[in-house]
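K.L.:
For the protein sequence lines, the chains are F and U, in the order given. Residues 1 to 409 in full-length UniProt numbering are what the first sequence lists, from first letter to last. Residues 1 to 409 in full-length UniProt numbering are what the second sequence lists, from first letter to last.
Please note that a few of the clues may not be correct.
[Unchecked claim] Below, computed lysine-lysine pairings styled on DSS-like, alpha-carbon distance capped at 25 Å:
id, chain 1, residue 1, chain 2, residue 2
1, F, K371, F, K391
2, F, K129, U, K404
3, F, K32, F, K119
4, U, K404, F, K119
5, F, K310, F, K325
6, F, K63, U, K119
7, F, K391, F, K191
8, U, K241, U, K129
9, U, K310, U, K325
10, F, K191, F, K404
11, U, K119, U, K191
12, U, K45, F, K45
13, U, K129, F, K63
14, U, K191, U, K220
15, F, K63, F, K285
It is worth saying that the hints were derived from the structure and are not from the lab.
There are 2 protein chains.
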Amino acid sequence: MSTLVVKFGGTSVATTERIQHVAQRIQKEYKKGHSIVAVVSAMGKTTDQLVAMANEIATTPSKREMDVLLTTGEQVTISLLSMALQSLGIEAQSFTGWQAGIVTEQVPSNARIENIQAKTIQQALNEHKIAVVAGFQGIDAQGNITTLGRGGSDTTAVALAAALGAERCDIYTDVDGVYTSDPRYIKGARKLQEMSYDEMLELAHLGAGVLHPRSVEVAKNHRMPMTVRSSYEEVEGTILKEEVIVEKNLVVRGVAFEEQIVRMTVYYNESYTGSLANIFTTLAKNHINVDIIVQALVAQGSPTVSFSVKESQLQETLAVLAAHKSTLGYDHIEHESQLAKVSIVGSGMASNPGVAAAMFDRLYREGIGVKMVSTSEIKVSVVVAHEDMLKAANALHEEFELSKVSVEV
Amino acid sequence: MSTLVVKFGGTSVATTERIQHVAQRIQKEYKKGHSIVAVVSAMGKTTDQLVAMANEIATTPSKREMDVLLTTGEQVTISLLSMALQSLGIEAQSFTGWQAGIVTEQVPSNARIENIQAKTIQQALNEHKIAVVAGFQGIDAQGNITTLGRGGSDTTAVALAAALGAERCDIYTDVDGVYTSDPRYIKGARKLQEMSYDEMLELAHLGAGVLHPRSVEVAKNHRMPMTVRSSYEEVEGTILKEEVIVEKNLVVRGVAFEEQIVRMTVYYNESYTGSLANIFTTLAKNHINVDIIVQALVAQGSPTVSFSVKESQLQETLAVLAAHKSTLGYDHIEHESQLAKVSIVGSGMASNPGVAAAMFDRLYREGIGVKMVSTSEIKVSVVVAHEDMLKAANALHEEFELSKVSVEV
Chain F
1 MSTLVVKFGG TSVATTERIQ HVAQRIQKEY KKGHSIVAVV SAMGKTTDQL VAMANEIATT
61 PSKREMDVLL TTGEQVTISL LSMALQSLGI EAQSFTGWQA GIVTEQVPSN ARIENIQAKT
121 IQQALNEHKI AVVAGFQGID AQGNITTLGR GGSDTTAVAL AAALGAERCD IYTDVDGVYT
181 SDPRYIKGAR KLQEMSYDEM LELAHLGAGV LHPRSVEVAK NHRMPMTVRS SYEEVEGTIL
241 KEEVIVEKNL VVRGVAFEEQ IVRMTVYYNE SYTGSLANIF TTLAKNHINV DIIVQALVAQ
301 GSPTVSFSVK ESQLQETLAV LAAHKSTLGY DHIEHESQLA KVSIVGSGMA SNPGVAAAMF
361 DRLYREGIGV KMVSTSEIKV SVVVAHEDML KAANALHEEF ELSKVSVEV
Chain U
1 MSTLVVKFGG TSVATTERIQ HVAQRIQKEY KKGHSIVAVV SAMGKTTDQL VAMANEIATT
61 PSKREMDVLL TTGEQVTISL LSMALQSLGI EAQSFTGWQA GIVTEQVPSN ARIENIQAKT
121 IQQALNEHKI AVVAGFQGID AQGNITTLGR GGSDTTAVAL AAALGAERCD IYTDVDGVYT
181 SDPRYIKGAR KLQEMSYDEM LELAHLGAGV LHPRSVEVAK NHRMPMTVRS SYEEVEGTIL
241 KEEVIVEKNL VVRGVAFEEQ IVRMTVYYNE SYTGSLANIF TTLAKNHINV DIIVQALVAQ
301 GSPTVSFSVK ESQLQETLAV LAAHKSTLGY DHIEHESQLA KVSIVGSGMA SNPGVAAAMF
361 DRLYREGIGV KMVSTSEIKV SVVVAHEDML KAANALHEEF ELSKVSVEV
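Construct the entire structure; sequences and hints are all you get.
P.N.:
Here's what the structure looks like:
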């Protein structure tokens, strides 16, 4: 009997009524003859409420205790969903992170799964029970409760699917699949039937928030087929797998965009001879996420280095740079806010050198200035003015004919 | 360094503000140089809210999953109290039931503690940390989460105190000690400085709800000194221990009372020759708690047996008896509602045969009819009409001079 891991996020289990709906949804898959493991998140706004209580008590609550607090959220959901399944006449058993054998690093609030001792879950499946597992949580080697950080429940689901040799991991969410771009803003944005792990990884990193990058990484490493589908409607979702058949007109598979970007530029004195890399070591140590980096090593004049950060980290970035001015040895810093990033993604781009050129050409024709560029094997990102973001995204979506339905197998 | 186990109930930790107050209270004891283990319940009405959610989903939720659900309540409190202690600059570490090594029977919703593997807690204490432990919960040998039933957090505290060889177990609650009777209704009811385990056990069983009987049993078995004291006021509470010095006028130590009692009377035919005991086996199997039993074996006429149950179990009792009429072989049943039980308790009663007589005499003089009587070594209970309950209790409190302050130690 094939095993299916299904995952339902916080919105899908926000009320007892929705939990009952999820139980019915699971029942359908169960009746098809699958062994089922259901991974769930905390109900709706539970996590926010717990965080609020912690903040009433301490300004910087200990991460260990925060994990103890937050993991109660999923524990509530697993018990209620198990009861709901039992009410439908299906045997079900709940598993907290430690009961499920999910062993993580000893890193409170952002641990990675080290291994899964899935014996107890496998036993429940052998007894034809549905195993209902708390997402987002685990236990470290010292017996401390840990959490996996943002998007952790998706990672729990994929890692369990890999550990159990499941046929597939289905992520049920409030959208019905992965789109070529955000349909709320981009004309003709269209759901994709298939997508490669790498494409999804790029999209996930580029602000298309359907899945957390770590869960896609785990799926890729284990070549675990993974779908993104709707909790509410019974329609086909998008399947992620290693190889997808890509037609010529599908070199670009998606357009992503993200606002609230700031470009920082650090100016050195002409006489500066040190390593410009020090600055990124310092920023990383202070947990500042730098995205695009453009290093301008000039033959004459002041050397500069530019990089982008999120608007939310601007003040922190300025403070860190100011605090390390003497060791970093720069002269002064400038920054430009109100920027956005627009990216095109597609596995076929590596073998199509003209794609980036076509992108720049179209942006030029639209009169959109490009402030920074970053490329990888399968994506090109540009930083533009915030006011140009949607114009650029729509133009690129059209340029690469993403709205055209094509045979995708 | 001596170890102290302190326990705070749901009312004492009902809000984040009260949790901070509890942390300050603990800090005082900690500064006196004790090693401290703090056992806590779920915040205020949390348990009721969780039960309500379960009832929205299932009419008879599985007991295993109910335990998974309810234990999140204490898990929230331990994390918040640990954060509150840390905010005061004290090292603290939270422990769920399974992290504290509290191993129970495999009986969901009403498990007894089998043993406590207190090594991890002891290690935290050795590192001068305050160990904050979730009351009411444990883990069975199969790794299931279990709960200890009503009053379970008191039991957790006393059992931990015994396992750690603590000096004392302090139960902080919303009353400031054990009283000779309920001060809300009984004139002159007075706080006792000391009380024996046996006296407290009788009081606990007789509806004086300060402590759960099981916790007192555990304290008695380990001769663990236990106090009941106020979470809010800094006053001496009542200490429970093996031997208390009892003066002559303190033969009776407390008056307890309980309403909503029903007397059932079962009538047999004159020809009946079977065992009247069958009826109690049948009731026990159906989870009906029978309290006082009066068996009237008559030489002539119909034999009868009378017993008391709580009003809340009346319908169930009638249904069980009706369903087993043929095997039990009785003729008919009568019952009388609107009754109450009034009891006097005192360790010295066993050696004072006049006590019961003095009780009956006083009730006779008050014009109060006694409908049933039950006695043990250290208590006498009578069933009276509900309207006579407080009159009887006040009269007995006065009769045995319980309001007189006497030298007790």
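K.L.:
It remains to establish, for every hint, whether it holds in the given structure.
P.N.:
A quick look at each hint next to the structure:
no. : hint               : verdict
1   : F/K371 with F/K391 : 16 Å, holds
2   : F/K129 with U/K404 : 64 Å, violated
3   : F/K32 with F/K119  : 24 Å, holds
4   : U/K404 with F/K119 : 65 Å, violated
5   : F/K310 with F/K325 : 21 Å, holds
6   : F/K63 with U/K119  : 23 Å, holds
7   : F/K391 with F/K191 : 20 Å, holds
8   : U/K241 with U/K129 : 28 Å, violated
9   : U/K310 with U/K325 : 21 Å, holds
10  : F/K191 with F/K404 : 11 Å, holds
11  : U/K119 with U/K191 : 38 Å, violated
12  : U/K45 with F/K45   : 19 Å, holds
13  : U/K129 with F/K63  : 16 Å, holds
14  : U/K191 with U/K220 : 21 Å, holds
15  : F/K63 with F/K285  : 18 Å, holds
Figure legend: structure checked against the earlier numbered hints; hints not met, in rising order: 2, 4, 8, 11.
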